[in-house]
Amino acid sequence: MLDVPRSGVLAAWGNALFSGRVSPDDAVARITHGDDPHRVSGLPGESGEVGLTLALGRLRALGVTGLRLALPAPGDPLGLPGPPDFNDAALEAGEAAVTVGLAGHQLGLVPEGEVYGPAGDQAVRVVWRVYEVADRPPTGPFLAEADRELAAALKDATAELLRLDVAGTGSRAQSVGAALRGRGGDGGESPLAPGYPARAVRVLEQARRVATILELAGEDHGAALNAYEMSARAGSLAPLERACRRALVAAFGAALEPSAAD
Numbered sequence: 209m210l211d212v213p214r215s216g217v218l219a220a221w222g223n224a225l226f227s228g229r230v231s232p233d234d235a236v237a238r239i240t241h242g243d244d245p246h247r248v249s250g251l252p253g254e255s256g257e258v259g260l261t262l263a264l265g266r267l268r269a270l271g272v273t274g275l276r277l278a279l280p281a282p283g284d285p286l287g288l289p290g291p292p293d294f295n296d297a298a299l300e301a302g303e304a305a306v307t308v309g310l311a312g313h314q315l316g317l318v319p320e321g322e323v324y325g326p327a328g329d330q331a332v333r334v335v336w337r338v339y340e341v342a343d344r345p346p347t348g349p350f351l352a353e354a355d356r357e358l359a360a361a362l363k364d365a366t367a368e369l370l371r372l373d374v375a376g377t378g379s380r381a382q383s384v385g386a387a388l389r390g391r392g393g394d395g396g397e398s399p400l401a402p403g404y405p406a407r408a409v410r411v412l413e414q415a416r417r418v419a420t421i422l423e424l425a426g427e428d429h430g431a432a433l434n435a436y437e438m439s440a441r442a443g444s445l446a447p448l449e450r451a452c453r454r455a456l457v458a459a460f461g462a463a464l465e466p467s468a469a470d
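Numbering (my numbering), first residue to last: 209 to 470.
Worth double-checking, as some hints may not be accurate.
[Unchecked claim] Using C-beta positions, here's what the derived DEER-type ranges look like:
1. 256 / 232: 18 to 26 Å
2. 282 / 321: 18 to 26 Å
3. 423 / 364: 32 to 40 Å
4. 363 / 269: 43 to 51 Å
5. 311 / 243: 29 to 37 Å
6. 262 / 340: 14 to 22 Å
Hints are computed from structural coordinates only; laboratory data are not their basis. Virtual Cβ for every residue (Gly too), placed ideally from N, Cα, C.
Please build the complete structure, drawing on both the sequences and the hints.
Here you go:
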């Protein structure tokens with residue numbers, strides 16, 4: 209799971225563009241963020257791939273008023289409206305963006321990223337595949353509930369992982385312990401765009417810290433010495449991973465949530 213999914217950044221800056229808070233050039237620059245220019249394939253009215261600026265303009269002309277993030281995982285189709293071909297593509301990518309505002313149907317955009325070039329001078333090529341998807345009202349997670357869920361899951365996981373002495377020894381294990389105790393460092397500039405409430409920024413920062421914990425903790429077994437401890441450790445991480453994904457979906461969708469407050 210990416211701590212900042214591409215589909216989330218597309219949703220955040222697409223939402224800011226659709227609401228008139230940023231220019232197309234600013235939105236595209238933040239979405240691509242060092243990648244090669246993104247291309248979009250399968251857009252209604254276009255026979256081939258088009259650039260991201262044209263694609264966002266076409267979506268707005270079609271009546272799209274916003275974008276939501278989907279972060280599915282096996283057994284948990286979070287944010288996926290169907291049909292199966294879109295769900296399968298999004299599940300394989302681990303993410304997607306879904307439009308808001310079209311009448312009778314919506315569109316889903318799934319990123320395909322390719323790293324190319326020699327080591328030390330690599331670039332990223334991204335193509336967004338567009339699918340027609342079902343028009344279903346959002347069922348959450350919403351910002352307030354996702355905030356509470358993430359805080360509770362982090363508290364439970366911290367107590368259990370520290371009980372199992374996950375921090376252990378070594379630089380990686382020490383990083384896990386520091387992140388568990390809230391000393392994970394600065395996540396850098398927020399990927400959220402103008403128009404997002406301060407609470408969304410805070411929830412996203414927390415979710416990114418949790419994503420770091422999950423990445424570090426998933427790469428070794430800490431100080432867990434037997435199969436039971438390893439199983440308990442994995443069991444502690446599973447609800448935290450789900451709460452993290454739900455928090456990311458809620459944070460990137462907060463601009464479309466009228467009740468979201470600081």
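Which constraints among the numbered hints does this structure fail? Numbers only, ascending. 3
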